[in-house]
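2 protein chains.
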Amino acid sequence: MAKDKSPRRPRAETPKGFRDYFGTDVTERKDMLHAIAEVYHRYGFDPLETSAVETVEALGKFLPDVDRPNEGVFGWQDEDDQWLALRYDLTAPLARVAAQFRNDLPSPYRRYAMGPVWRNEKPGPGRFRQFYQCDADTVGAPSVAADAEICAMLSDSLETVGIPRGDYIVRVNNRKVLNGVMEAAGLYDAADQSRFVEERGIVLRAIDKLDRLGEAGVRALLGEGRKDASGDVTKGAGLATEQAEIVMGFMAAKRATGGETALRLRELVGTSATGLEGVQELETIAEILDRQGYAADRIEVDPSVVRGLGYYTGPVFEAELTFEILDEKGAKRQFGSVAGGGRYDDLVKRFTGQAVPATGVSIGVDRLLAALRAKGRMGGDAAGPVIVTVMDRDRMADYMGMAADLRNAGIRAEVYLGNPKNFGNQLKYADKRASPIAVIQGGDECAKGTVVLKDLILGARIAEGASLEEWKARPAQVEIPRGDLVAEVRKMLG
Amino acid sequence: MAKDKSPRRPRAETPKGFRDYFGTDVTERKDMLHAIAEVYHRYGFDPLETSAVETVEALGKFLPDVDRPNEGVFGWQDEDDQWLALRYDLTAPLARVAAQFRNDLPSPYRRYAMGPVWRNEKPGPGRFRQFYQCDADTVGAPSVAADAEICAMLSDSLETVGIPRGDYIVRVNNRKVLNGVMEAAGLYDAADQSRFVEERGIVLRAIDKLDRLGEAGVRALLGEGRKDASGDVTKGAGLATEQAEIVMGFMAAKRATGGETALRLRELVGTSATGLEGVQELETIAEILDRQGYAADRIEVDPSVVRGLGYYTGPVFEAELTFEILDEKGAKRQFGSVAGGGRYDDLVKRFTGQAVPATGVSIGVDRLLAALRAKGRMGGDAAGPVIVTVMDRDRMADYMGMAADLRNAGIRAEVYLGNPKNFGNQLKYADKRASPIAVIQGGDECAKGTVVLKDLILGARIAEGASLEEWKARPAQVEIPRGDLVAEVRKMLG
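Line by line, the protein sequences give chains A and B. Each residue of the first sequence is one higher than the one before, starting from 89 at the first, in the numbering used here. Each residue of the second sequence is one higher than the one before, starting from 89 at the first, in the numbering used here.
Same shape as in the complex, but just chain A (with noise of 0.2 Å):
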């Protein structure tokens, strides 16, 4: 007979693919969103916060970069049997506001949202189901000059955050020149767009590729396809040589200067009048950036950027970290991008049935952090509390006044709360919660009216070796009188 087990306890485990934040990882983030909001602010931009869920066919059951229905969001049905989901983006819900309140809000519409999104895709090193974004975007704005704040305010942004001048650069191009570099490439029909849709695909995502796969792998993408390293083939866009050059091209078509670049595209578009306005709205853009002093050291031109989504309609943008950094595995390699946005005109008309031109900026902050992490420029402890210890357990309302004395002055302090029958114990936990002072008050010092303070810090450093000197010169423990707790304590934090 199989012995009766008492019931399994739960497991103590986050779901696949999420992760918990603990101390400096969540008060970090939540500066560098208070920083990114005071520019956002400053540039006119109200805040906006949308609850977690939306119904499905608000959200519009697609993942942008995923062509499968239903995949990739989490969602499920509630009792009047409607799906509900959870926002896989910021975009998405804005556009359900635009067009909910479209009576009552500012036209234009410039607004900021901070706040997680859920992804329900494969986890990876580094990648999880639930991560922070940052938006600005600006609705019902038709001019460029949108498109050139949003670059400025993003080149703001990434300063104010830490990421100084040289570090950075935002990369702009436009959609519309790709559109008339493929129809000057006989891939684009301003009369009927529908057509070589799928081969503008493959040109796209093998542009895209351009860093991971090299000019020749992305010319065997765009001529008959690509057989990768493991034997896998990937089905090529078909172009004749000629065809092709003109892709190429494009890519290569960065200049020196803002006003060189346009004029290689403007070669490359030829008499295609959506390329011609594509490149007329670079030039706008680059001059309103220009007059306001963000140079090609902050903003540039750059044909190569494409942006992977597929609802991008004009200028499109992306900045990029340039140091570099040292991977898992110790080799060294550019940080790569950390924002990215466009404009995309047909999001609002999905529920009104009107176009609404619109265009914004994502900032993913988790990986923002994570740069200034690799860069040494954040992720220091915090300064831990001051401990007071218990010494003898009925006088609790003593230690707790002294904690509360320090607190009423501004220093961070708090008392032993665990068992305090073993002393090491409580100087462990001290240890561990990165304390700089131990206050300590035993029956002799009480009888006294006297308190210990000991300096962990000094501490910590005579166990590391400090000379003598130092010793001598600022002992690690001093008894004072109670009276003067706060002001000796002040004065040892300096």
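Everything labelled a hint here was simulated from the structure, so no lab data went into it. Note that the structure is predicted; figures quoted are calculated from it, not measured.
Put simply, identical chains are the same to the list, so a pair is met inside one copy or across any two.
Derived DMTMM-like pairs (lysine to aspartate or glutamate); straight-line CA-CA distance at most 20 Å:
hint: 1; residue 1: Lys516; residue 2: Asp192
hint: 2; residue 1: Lys520; residue 2: Asp113
hint: 3; residue 1: Lys342; residue 2: Glu408
hint: 4; residue 1: Lys104; residue 2: Asp168
hint: 5; residue 1: Lys437; residue 2: Glu101
hint: 6; residue 1: Lys210; residue 2: Glu167
Given the coordinates of chain A, assemble chain B onto it according to the supplied hints.
Relative to chain A, chain B alone:
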């Protein structure tokens, strides 16, 4: 034949029970959370941010105050057939974290957490399915000093966010005292705590309803049961009159001072060891708080506080706002509870089998914001941006440059990015944005190198009938050199 219909457009609506937050609703909550976090930090608490999604297994399938499993949460099955759900509070994820990381976290572990939680409940006026909580808990501290600390911190938090002393009260009670009273009334058997569980539940809920039902209603529930106005019958606990008297006496046990209340409670619990322990704990808490200066005008022992949740095992506390507001119908009423908590020693045990003593508080941030707005202490409009109007769309770069100059000087500013054709629309937009100043530069001004500043706040005041003196002293419109833009705007903003 039925006409072909084009596919229905998606509805631009939030799901039932969810809502959007705009502008100051977002920033005021953020500021409040930040202010409370500062207090928690000063008390030595560290931030923790868990993800929105947990396994149903880890959440425990139950809302703490709901008896039915799998109700009250938003849940779904993932691709491995595991049930996942949105967290319904911040305590269940803490219990999971405390178990999962028990070898790494300091002990005691003081943590705070802030964020949205989700309840799959019937929404109502002011009741939403997503709302914010702001919790602080100490895990691994058996001493009631930890409970006293939480009460003091709650008091400090309320004052920090703008509830002055006298407008709130933190009430403290102890479940052990209640259990002692139950024992004295013959409803609690320390040797077999499962006896009379149903009766105790009815008594607990009856006490919790004293405010609403009055003494007679509670007496009915303690005895045979109660028929409400609609004729519905609520089952009673079936107590004899003498038993009911003891319970009623408990609710009325509050005296002028904590000491006198404790004396009265001692009488009521009689010889119950559990009850006497509870009274002793209340006395310890009162002593600790007194010593720190938290008198009865801030924190008081009040036996009528029981808290609905079943999982509390010791001290329970509740913060109530004592001022009156006007409800939706214009009637005066007390604002009521905005925070609550208590000691729960069994939540971590679910995972590990080992009891871990814990205590904590949850502040209902959205209710607190509503209270401050009801009192007119919050809810002002944010200052709108300075609006640079567009008189000549070919000089967009000039206008963008003006806005940039203002922003670089720290002044919130933007260029009007809608269709500039109708100047009236630009001023209407400025009005909608609560803009203080419109900057105007037409062809004439451009030729002269000047700009016009229009004081929109003064303009509005004049429209409302400002005095002639005011009008003269401060003209609503000035023409200034372009080079003085920043200085003059700053002067006008005051």
